[in-house]
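What follows is the residue order along each chain.
2 protein chains.
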Amino acid sequence: MLSAMADPLSTTFSALADPTRREILQRLSSGDATVGELAEPFAMSLPAISKHLTVLERAGLITKSRDGQRRHCRISVAPLQDATSWLELYRKHWESQLDSLGDYLASIHRPSTEGDHEETPS
Amino acid sequence: MLSAMADPLSTTFSALADPTRREILQRLSSGDATVGELAEPFAMSLPAISKHLTVLERAGLITKSRDGQRRHCRISVAPLQDATSWLELYRKHWESQLDSLGDYLASIHRPSTEGDHEETPS
DNA sequence: ATGGCACTTAACATAGTGGTTAATTAACCG
DNA sequence: CGGTTAATTAACCACTATGTTAAGTGCCAT
Numbered sequence: 001m002l003s004a005m006a007d008p009l010s011t012t013f014s015a016l017a018d019p020t021r022r023e024i025l026q027r028l029s030s031g032d033a034t035v036g037e038l039a040e041p042f043a044m045s046l047p048a049i050s051k052h053l054t055v056l057e058r059a060g061l062i063t064k065s066r067d068g069q070r071r072h073c074r075i076s077v078a079p080l081q082d083a084t085s086w087l088e089l090y091r092k093h094w095e096s097q098l099d100s101l102g103d104y105l106a107s108i109h110r111p112s113t114e115g116d117h118e119e120t121p122s
Numbered sequence: 001m002l003s004a005m006a007d008p009l010s011t012t013f014s015a016l017a018d019p020t021r022r023e024i025l026q027r028l029s030s031g032d033a034t035v036g037e038l039a040e041p042f043a044m045s046l047p048a049i050s051k052h053l054t055v056l057e058r059a060g061l062i063t064k065s066r067d068g069q070r071r072h073c074r075i076s077v078a079p080l081q082d083a084t085s086w087l088e089l090y091r092k093h094w095e096s097q098l099d100s101l102g103d104y105l106a107s108i109h110r111p112s113t114e115g116d117h118e119e120t121p122s
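Listed in order, the protein sequences are those of chains S and C.
Heads up: the first sequence at position 16 corresponds to 16 in our numbering, and the numbers run straight through without jumps.
Heads up: the second sequence at position 65 corresponds to 65 in our numbering, and the numbers run straight through without jumps.
Honestly, the hints are just simulated from the structure, not real lab data.
A portion of the hints provided could be inaccurate.
Claimed, not checked - Below, simulated DSS-like cross-link-like pairs (lysine-lysine); rule was C-alpha separation at most 27 Å, straight line:
#1 S/K64 to C/K92
#2 C/K64 to S/K64
#3 C/K64 to S/K92
#4 S/K51 to S/K64
Stated by the list, open to error - Residues from chain S that face chain C, not an exhaustive set, calculated with beta carbons under 10 Å:
#5 S10
#6 L16
#7 D18
#8 A39
#9 G68
#10 H72
#11 A78
#12 A83
#13 T84
#14 Y90
We treat Cβ as the ideally placed atom computed from N, Cα and C, and that holds for glycine.
Build the full structure now, drawing on both the sequences and the hints.
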């Protein structure tokens with residue numbers, strides 16, 4: 001379970017690549033919760049959730065603190081920030097790809113006139 | 001290799017969770033390339049790269065087109081956009097967490113004036 | 001102290017990942 | 001045709017991931 005991934009960005013993306021873990025993060029984004037509370041909505045055993053939380057914790061996406069018998073989980077967003085930074089590198093890119101799509105759609109609607117950039121708003 | 005993941009966001013994050021694949025995407029962000037060209041910088045067999053490209057293609061992150069013997073690969077950013085959208089949900093969150101950090105750092109510099117907590121910072 | 005509650009850890013089954021080498025397909029070239 | 005180049009597919013390997021059930025840990029209550 002505990003791989004020696006070493007690469008923080010890979011660890012983050014890998015942790016996010018599971019829908020259960022993403023749901024847990026979304027739940028935590030509206031407030032801290034115990035392990036049991038987090039497990040409740042899922043049709044899955046408690047140990048399974050516990051493992052997911054371990055993955056999230058090792059990825060630095062949550063922190064756990066003990067409170068009597070309970071463990072309180074809190075979201076921790078620094079790795080999400082790094083992941084977003086990496087993805088942001090492509091923002092310019094996809095904006096231009098969407099522009100190209102816009103140009104293409106425009107060329108269908110009013111073709112072959114010349115160097116025209118009429119943005120047909122859908 | 002070809003799992004039945006079905007969830008597009010999971011597929012995207014999973015594809016991004018490998019440093020080789022992220023490097024390939026970065027390479028493609030500066031222009032299309034053939035499989036051979038993409039493989040060249042890596043100390044890895046061609047089939048391994050081919051598999052990585054299959055993963056990227058199934059995630060919708062690249063498209064391949066045939067040109068004679070060569071396959072040209074092109075980046076395709078729509079899934080990156082979706083991944084970014086998901087992460088953006090936490091932007092407000094991490095901004096407030098960073099604010100909390102700022103407050104905490106401030107409290108170190110000017111301590112014990114009133115409701116002071118005994119936080120020993122590691 | 002004993003019993004229940006909230007979790008975690010252990011042991012296990014099954015399947016997926018990421019790499020290898022060898023064989024195969026397909027296009028080009030003499 | 002036969003040979004070379006470009007890339008994929010096949011067969012295989014070691015390791016990782018995700019789930020299970022059962023047992024263990026530690027806190028709290030009666």
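Hint-by-hint comparison with the structure:
no.	hint	in the structure
1	S/K64 to C/K92	21 Å, holds
2	C/K64 to S/K64	44 Å, violated
3	C/K64 to S/K92	22 Å, holds
4	S/K51 to S/K64	13 Å, holds
5	S10	5 Å, holds
6	L16	4 Å, holds
7	D18	6 Å, holds
8	A39	20 Å, violated
9	G68	20 Å, violated
10	H72	16 Å, violated
11	A78	7 Å, holds
12	A83	6 Å, holds
13	T84	5 Å, holds
14	Y90	5 Å, holds
Hint violations for this structure: numbers 2, 8, 9 and 10, all remaining hints satisfied.
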